[in-house]
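2 protein chains.
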Amino acid sequence: MPTIMKTLNRISRCQSLFRNERLQHDGILSCHHTFVLVICRNPGSSQDELAREICINKSTVTRTLNYLEEKGYITRRADSEDKRRILVYPTEKMLAVLPEVRAIAREWNELISKDIPEDELSVFYSVLSRMELSAKAAVECRGDEDR
Amino acid sequence: MPTIMKTLNRISRCQSLFRNERLQHDGILSCHHTFVLVICRNPGSSQDELAREICINKSTVTRTLNYLEEKGYITRRADSEDKRRILVYPTEKMLAVLPEVRAIAREWNELISKDIPEDELSVFYSVLSRMELSAKAAVECRGDEDR
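Protein sequence lines correspond, in order, to chains P and R. Heads up: the first sequence is residues 13 to 159, going by this note's numbering. Heads up: the second sequence is residues 13 to 159, going by this note's numbering.
Hints may be right or wrong, so weigh each one.
A pair counts as met if it fits within one copy or between any two copies, since identical chains are not told apart.
To be verified - Below 27 Å or equal to it, Euclidean Cα-Cα: the simulated DSS-like pairs (lysine-lysine) are:
(1) K18 with K148
(2) K70 with K83
(3) K83 with K18
(4) K105 with K70
(5) K95 with K70
(6) K105 with K83
(7) K148 with K70
(8) K95 with K83
(9) K18 with K105
(10) K70 with K18
(11) K126 with K18
Everything labelled a hint here was simulated from the structure, so no lab data went into it.
Isolated chain P, as found in the complex (with noise of 0.2 Å):
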């Protein structure tokens, strides 16, 4: 069987593209995506619930959150309760690029799946979510102190 993730990865970089065509916002570029997405999701998260929900390392968020918060996406504050934690809430600006985001991600969905038997479908998604639940384990066991 050739190799699962050469091609999981060609999607997700096709997925890239696909975006970069279509999304045409001040400085909201592809690799943000997931950004949108996740803050409009969960507005008051921390930096560091971020990392995990998105699984990138801090410095990447650090670094994104910077950029958002400079383009005005995003507000950052102090929590009341532990002034270490910084909590991310999006601007009326991110929440206006929200809809063509989750639309164009759900354009890529259903353009990916199309044609596909929804047995098939079924049996795919399962294995896919038992992959992530084990890319997830070997990245928090061995990574947590940088996550």
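Mind docking chain R on chain P? Use the hints.
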């Protein structure tokens, strides 16, 4: 059904964290792993061929190759029959990294597919391959001049 891409992209990002923890070579980051694998598999490919094979845009290819050349991992030569085609070759330094990059990729593939029955994996891979075809077709149709 939850969105396929959300799960798929999380697995991809976990792999990136895994690689970053594992591979320690001068300047080689997780985002370069695919370049290492593809350039070593296809020495003498043009920059445009690499963009198509990896499924990223030409400007990202150019930027990454500039970096890898600066770090001594590749050399670039104009095609003797068509001076506008720039061909990319791995150096000894890149070839020395290849076994480790391959081993990490193999380890990750095994890690995420362990405990999944062979018949389910077979359906999974069949669906994933069809998704890849749809993904590539969608991007190629719309973005030829930019790829």
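Evaluation of the provided hints:
no.: 1; hint: K18 with K148; verdict: both (18 Å within a copy, 13 Å between copies)
no.: 2; hint: K70 with K83; verdict: both (20 Å within a copy, 26 Å between copies)
no.: 3; hint: K83 with K18; verdict: between (34 Å within a copy, 25 Å between copies)
no.: 4; hint: K105 with K70; verdict: within (24 Å within a copy, 30 Å between copies)
no.: 5; hint: K95 with K70; verdict: within (18 Å within a copy, 44 Å between copies)
no.: 6; hint: K105 with K83; verdict: within (9 Å within a copy, 40 Å between copies)
no.: 7; hint: K148 with K70; verdict: within (15 Å within a copy, 32 Å between copies)
no.: 8; hint: K95 with K83; verdict: within (24 Å within a copy, 41 Å between copies)
no.: 9; hint: K18 with K105; verdict: between (36 Å within a copy, 23 Å between copies)
no.: 10; hint: K70 with K18; verdict: both (26 Å within a copy, 19 Å between copies)
no.: 11; hint: K126 with K18; verdict: both (21 Å within a copy, 17 Å between copies)
In this structure, every one of the numbered hints holds.
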